[in-house]
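Q: Given next are the chains, with one letter for each unit.
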Amino acid sequence: MSSNKQYSGNALLELRDVHVAYPSRRRGGSVARAVDGVQLTLQPGEIVALVGESGCGKTTLARAILGLQQLSQGTIQFDGESIPTDAAGKKLFRRQVQIVFQDPTASLNPRQSVYEIVAEGLRIHGNSENEHKIVSAALERCGLHPADRYLLRYPHELSGGQRQRVVIAGAMVLEPRLLIADEPVSSLDASVRGEILKLLQDLARDKNMAVLVVTHDLGLPWNIADRIAVMYLGRIVEIGTTEDVLARPKHPYTRALLSVVHEHLQLEQQILKGDTPDPTSISRGCRFNPRCPMVQSGEAERLGILQKCLNDDPVLPNKQNNDHIAACHALNI
Amino acid sequence: MSDSVASISPRGMTWARRKRALARVWRELRNDRSGFSGLLILLGFGLVALCAPLIADRSLLLAAAGRNNPDLAGPSAKFLLGTDDIGRDILAQLVWGSRVSLFIGIFATVVAVLIGSLVGLVAGYVKGKVATVLLAIDNFFLVVPFLPLAIVLAVILGRSPVTLALVIGFTSWAGSARLVRAQVLSLSERGYVERARALGANSRHVILRHILPGVAPLIIANATLIVPGAILTESTLSFLGFGDRLSPSWGKLLDGAQSSGSITLNAWWYYLPPGLCIITVVLAFTLFGRALERIFDPRLAGR
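Protein chains in written order, with my numbering: chain A, 1 to 333; chain B, 1 to 303.
Worth flagging that the hints you see were computed from the coordinates, not collected in a lab. These figures come from a predicted structure and were not determined experimentally. The beta-carbon is built from N, C-alpha and C at its ideal position, and this holds for glycine as well. Accuracy of the hints is not assured; some may be wrong.
[Unchecked claim] Capping the alpha-carbon separation at 27 Å, the derived lysine-lysine pairs in BS3-like fashion look like this:
1. 90(A) - 207(A)
2. 127(B) - 91(A)
3. 90(A) - 127(B)
4. 19(B) - 133(A)
[To be verified] Among chain B residues calculated to face chain A with C-beta under 8 Å, some are:
5. 23
6. 24
7. 192
Only chain B is shown next, with the shape it has when bound in the complex (with noise of 0.2 Å):
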């Protein structure tokens, strides 16, 4: 630690105390074996997602993109995973189905953690009938049957990966909303916060420096668990057919393999691939998200 330094002014102070804190959480990432290859994995994925155009052309992905070729066909030199029932390439859609699930994962889990942060936030720091009606909102989505209420939603609104998204994140916000509200409870009774009022702050003030700082890791922890809930939500909606029918989702991939008869006909190729990637995908997110809330969360990190 370098103790003496011999003109500090608070920005550069408050700089080096972030690059210290990210240089002990990518220290510890770097020592968590499965947290960090589940980053490796993301990361991986992430790059597939960004290099899609140039690792296969968006028209291989048009219905008259395979009139040419043979349907159902095995792996083969020039279609690595094979082809569908109407001769597309697997691998291309495959390929561009990871951008339309990434970007569905993470976009809707954006939208929960901020409404559930939200929600949190004003439920556990201001008491009283408006905590207990956000409280009862809050219970309201924790035991709604989520499936239905997502079709639903799906059906309603339409079927773009916007729209999918959005209906993802409202049905999922209710977890994290009562994880925040939990920590900001606790965080309001602490010392530091009746030491802050004593010395004449206001809410604002206690929100901004001491509650949201201290709710943040957890909502950070929280977020990369809920993106691979979020996926998995995509994919049951996009194998239910109440997806978006024109971007090929990795579940929309499923629901091709499964109204084709890939099974019985044995095609492993059609459904084995992106039911890997995500199985994949939700578990490198969670060992990620695993890792994080470990460094993230003082009681399980033992210091």
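Extracted from the complex, chain A is given alone in its bound form (with noise of 0.2 Å):
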């Protein structure tokens, strides 16, 4: 296996102790840490997918990559660089990390058409030449075809999955080496999630494009991701390949997760008990120790890990790019 030294030297994206807090409205309020040390490395190519669920700060984890958010502490390189903050910097670094948004047709202003819509990346960037060429085939590479049928039309006269599509081609049209994919296919039928998943999947082959898929739902990325990354409170507990994740999670949140995702597991259905996560108050200790079934069960204080649950942050091990890791105290006895 490679070390770690060399994977870091060619990641296209590494996010290193990334923290993401937002001050309170209030005074005396407490802080929202809705990023709090996310450690993260993508190859180019590679399909990684961020599981998590609503308030585990996926998105804004998402946001900060893309340089919309300001990092608290931390770091995040692309490209062996950290992220411009200088105007003519900052454009070029868009042009090579695209986002594709959870509605499609939010992101579609109403008033255009598809070609406008399109268009819309290259006339920023102010390439203008072959823009009809450009535009039609990368509508055709992600599935509208014949391409001439679709640019004269209207936001409203495409269905949520042809949305979509005119999405993901205005990101592709700038030739992007990362996709941030926010719940791609959450707003859409059942029936064309999976061409829509599959669709990324070719483009991240074909172009090698790394793509982050960030999704609440475990049930959808394991047929196109490389590697799984759960969230939890601002913070990765578990990540590792798809295979291993889905098979043998080894964190005690995944499992829960899990077990009423996939019955094939036949893992034990877990409702979570608890409070819902609060990123203003993360409690000492393990951060998922109030709704953690090891701890509710007695199974930690019978393993002798109850002290440090409740007292001492876990934290993901030095890994490798493809190690299964997970932050739990009964990983370590």
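Dock the two chains into a complex; use the hints.
A: Right, dumping it as structure tokens:
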């Protein structure tokens, strides 16, 4: 297996100890630690699914990678360099990192035709040569062919799946090296979800483009993602290859999530009890301890780790790229 | 819908799109009976205003023109709408008055909409102190008693039709600023604005491509609703004697009718025509404006 260093040398995206904190609106209120120490690397062409329930900070993390959100601590490196802050550098960076939002209907200006929407990126970056050709090619690459049939249409004349294809085509014209897909299919019909995910997979393979799929639905990403990262309250608590995470989940949180999604794993159904996570008051010790089934069932006490769970914040072990790792005290006994 | 066009240039497509959008507006306007009749009435008045020199000679407006005519004579074959208290033809004044009233109404609206849109756009797009200050100014103009302010300004700045229009425009932009700001606030939160930013767009691109096209229909509809207010204000100012003494607006005709005692003398041909004209034009603009609002505003059109 290659060394850690070699991986970080050619990683496309590298997040180190990324923190994003939102100050409280009220005076004296507590700070919301939306993203609280995330480590993550993406290789070129790799698809990583970032899974977590709503409020776990996954969208904030996506915005931070795009440079739309200021970090309070840590670094994000793209292609070995930190995200530029000057206007020209930012513009160049934006070309290489694109995002596909959850709701394609909201992402499309209802007054613009498909052509104008897809060409928008090219026009912003002043690339007007062969515009028509590039736009048509992108549309056809995204499964809308013949492109001429769609160019003059308006968003309201398209189906939800077609709209999302238009959004993806609009991102693809800039030939990004990283695509962030924020819940790309959760607003679509179940029948077209698979097709859109397949499209993302094909694009990643053909263009050697890395894709970070952000989702709350553990049932979805496993058929396209190379790796899965599970996020809980601002931190990645488990990460590994898709097979490892889905077949042999290590973290009690992942197990609880999977137990309600994947029946074939025959995990005992676990409905998490306790308070819903609140980023303004992350508990002492392990951030999962108020809801952890192992703590609640007394298993942690039997294993003799309860004091650790309540007092020490478990960290993800130093990892190789494809290692299957989780931040849980129960794994270190 | 023409689906497949062999070779489409972006420019040709933009034109096709504009043509289609215009055709849609026209079709919906044709189907809107009140809005369309408003438009027809306005076109009629516009035609009269444009052709005023063909209908009545401007010299008929001079005080000397009525020297040999009977004073306050009722309608006759020679004077279709009778004469005023110094014997001038009222129809001639009415026809020329449409020019002044429409000019001031429209010019004032342009001024009001320009100021209002600019203030609304900046206050909605730029957040922070600038917006707070602009909103404070906007609130001031919303609550300050409008007529006294207009009178004071009209007296200070002089009374030509142009300054009157500027005064009226300057005192009636606050409402449209509010409207535009609200729409800009809503538009700048839309997903497609966020998408444009993620593509690398700067504010210029976002405003020109997404915000302005989004507020333009609202501004147009709002403008047609400001015109009647401006015409009424001009009439009020003229009626109160703060108008331009030299241009024969409808308000000035009413002022003349009132001061000459035409009401007590039962000279209805003096006060009724300008009053009816003001009401008709105001009503027509309102009908037309409401129709445009319905067509342009997705919330009202149920699209």
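Q: Residue 127(B) and residue 91(A) were given as a pair; does the straight-line alpha-carbon distance stay at or below 27 Å?
A: 23 Å, holds
Q: Please work out if residue 19(B) and residue 133(A) have their alpha carbons no farther apart than 27 Å.
A: The given pair, whose Cα atoms are some 24 Å apart, holds under the 27 Å limit.
Q: Go through the hint on residue 192(B) and say holds or violated, using the shortest Cβ distance to chain A against 8 Å.
A: 4 Å, holds
Q: With chain A as the partner, please determine if residue 23(B) meets the hint condition of a C-beta pair closer than 8 Å.
A: 14 Å, violated
Q: Take the shortest C-beta to C-beta distance between residue 24(B) and chain A; is it under 8 Å?
A: Violated, because the Cβ-Cβ distance from residue 24(B) to chain A comes to roughly 11 Å (cut-off 8 Å).
Q: Given the hint that residue 90(A) pairs with residue 127(B), does the C-alpha gap stay at or below 27 Å?
A: 22 Å, holds
Q: Given the hinted pair residue 90(A) and residue 207(A), is their Cα-Cα distance within 27 Å?
A: Holds: residue 90(A) and residue 207(A) sit about 22 Å apart, inside 27 Å.
Hint compliance for this structure: hints 5 and 6 are broken, all remaining hints hold.
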